[in-house]
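**Student:** Here is how the chains run, residue by residue.
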Amino acid sequence: MATTTATITLSSADLLSDNLSLSATTTLYDGGTTTGLTQYDSGRVEIPGDNNIYVLIDSTAAAVDKANRVYIANKNTDETHYVIVSIDEAVLGRLYAGDWMFIPWSQADAAANLEVKAPNEVNAIEYALFHEGRTFTGA
Amino acid sequence: MATTTATITLASSDISDNAISISNTATLTKAGSTTGLDQTSGMSRRTFTSISTVKLIDLDHYQGQTLTENKAAKVYIKNTGTSTAQHVAVGIQNGAGALEEIGWLYGGDWMFFPYSAVWTSAAHANNQDIDVAPSSTDSVTLEYMIIYE
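For the protein sequence lines, the chains are C and X, in the order given. What the first sequence shows, in the numbering used here, is residues 3 to 141, in sequence order. What the second sequence shows, in the numbering used here, is residues 332 to 480, in sequence order.
Calculated directly from the structure, the hints in this document are not laboratory data. These numbers were taken from a predicted model, which means no experiment stands behind them. Certain hints may be false.
Calculated cross-link-like contacts (lysine-lysine; reagent style BS3-like; alpha-carbon spacing at most 25 Å) [said to hold, decoys possible]: (1) X:Lys361 with X:Lys402; (2) X:Lys386 with X:Lys402; (3) X:Lys361 with C:Lys77; (4) X:Lys402 with C:Lys77; (5) X:Lys361 with C:Lys68.
So the derived list for chain C, only partly shown, Cβ under 10 Å to chain X, looks like this [what the hints assert, rightly or not]: (6) Ala8; (7) Thr28; (8) Ile55; (9) Val87.
Beta carbons are placed, not taken as given, at the ideal position from N, Cα and C, and that holds for glycine.
The shape of chain C in the complex, shown without the other chains (with noise of 0.2 Å):
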């Protein structure tokens, strides 16, 4: 088994009256277990600014109900590109240049893809999936 960690830090010292500071870490395991996660995809591509929704990363059925979890960043540096992230065409957000969101994704089914969008320009998105397996294809 593997140990992997993801740790969040969010700090701001004007938000509120007081500051902020907030610190958690987890350790990836397979789901119900202390088993560590032991498998995980990685990748940078570049999402057309074409209006179209794309599939980032396709639900499989060997994680379907898993403990994955994925990181995903807009690594653009002008404020006003952004992505929609979506799971089978249902919103989450958008993600702007130099934003990053790091979810579990139980891939309820078959359609449950992780997509993106970009309205108007080229997205630089940089990924990371950590997870218990894939079904593969035949050559």
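Got chain C sorted already, so can you dock chain X onto it with the hints?
**Tutor:** What follows is chain X alone, placed relative to chain C:
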């Protein structure tokens, strides 16, 4: 304006032959601008003892106001429990009024994601609410926060 940063560190020394270390810091700004997000729900905390699906974030005048939709809001949710056997399923309402599951938060797990917060009616039907459903009747507590404009 406020300056709020969100940093993630993903690290493993043994998931592959070479260690992986991903680190990224985002400054949370309003949509299409360099002005910082300046509104927040503050940290909220709710405990559940049923497997029923419950609205964690109900957009019909959330905390007495309407979040501006299709902007750069961010949501943080953490399962404060310690159980690695039980989870809380987190889902989001799609535009057709159906619940789309995002994923499962086991004890100690957290998530952070952009949120379009689309509000369509006081009747809730197609609002982009965020729902949760524990996998067990064992008590489980979620902490959550929205940072928005």
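**Student:** Are any of the numbered hints broken by this structure? If so, which, sorted upward?
**Tutor:** The structure conflicts with hints 5 and 8, although it agrees with all the remaining ones.
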